[in-house]
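If you read the sequences in order, they're chains A and B. All letters in the first sequence, in the order written, are residues 127 to 243 by the working numbering. All letters in the second sequence, in the order written, are residues 19 to 188 by the working numbering.
Heads up, some of the hints might be wrong.
Claimed, not checked - Okay, derived cross-link-like pairs now, BS3-like style, lysine-lysine, Cα gap no bigger than 27 Å in a straight line: (1) B:Lys95 to B:Lys59; (2) A:Lys169 to B:Lys59; (3) A:Lys169 to B:Lys95.
Quick caveat, the hints were computed from the structure, so don't treat them as lab data.
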Amino acid sequence: MVSTFAALAEPNRFHIVEHLRHGARSVGDLCERLDLSQPLVSKHLRVLLDAGLVDVEARSRQRFYGLRPKPLRALHDWLDTYRTIWDARFTALDDLLVELEPNTKKKESPHGRKRRS
Amino acid sequence: MAARGEADRFQTHAERVSDRELFMRRVFRAVRQTVFDAMTKEDLVRRWWAPRSLGVTLFECSIEARVGGAYRYVFGKEGQPPMAFSGVFREVAPGARVVYTQIFEPMREAGEGLITATYADTDDGFTLFEQRELYPSKEVLDGAMASGMERGMRETLDQLATLLGELGSS
């Protein structure tokens, strides 16, 4: 999740992903469309590859980069993912707080404490 | 403030409150100083920041919670290159308020965010924790969210949402 976030948060990489939605592109094609140098585009593609957002296919002598749908779908509700990550952390923090404050009233709410795991 | 169910306040609430800002709120069953300590002492942070359910390991955690002090969290999935958040404390009022900068090191060029966390007493002796994360720019937060869920998105995000639709139906 974090690497998907990092990959898309960089504006040039976001633009690369937008271009790839029309289909797989070669590095040269992307350089032209984005007006960026080849080393820079390659660097960004490397990050997108590492994040699993794109894959690469060799066609004759060129390498074509295309989108992989799965991580993008996973991002669809990023805020909910963000909330879920923090909720998982805070549930673990709850357990630590109980240990740090053994005397705190562990009063259950009228509806019962929602346990998440 | 709208009435919230008793159980709700022990769940994490998160929303985007502006172009550049996320807001998070949660009540903890402990006094302010304890919650503050658990979030600013490295040996305590190590115990909750990377719960097993997230599948992420916190490899390093250093926190110097004083004005001008630095912190750094290095984390990642086993077998993958680690990533780090780091920054510097701008304000530290123990048990009450912390303000610190944050850089996500793999995207250092995106700039520095600013996080403000506050700790307040609830009527029943617990702690209301609220956190505002100010991103370096609207673009960085948009990119981060890259989601079809937000209203008023810029066009590129609409296009990404279309893409998600296309990919979803293929």
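Do the hints match the structure? See the list:
no.	hint	in the structure
1	B:Lys95 to B:Lys59	holds, 23 Å
2	A:Lys169 to B:Lys59	violated, 37 Å
3	A:Lys169 to B:Lys95	holds, 22 Å
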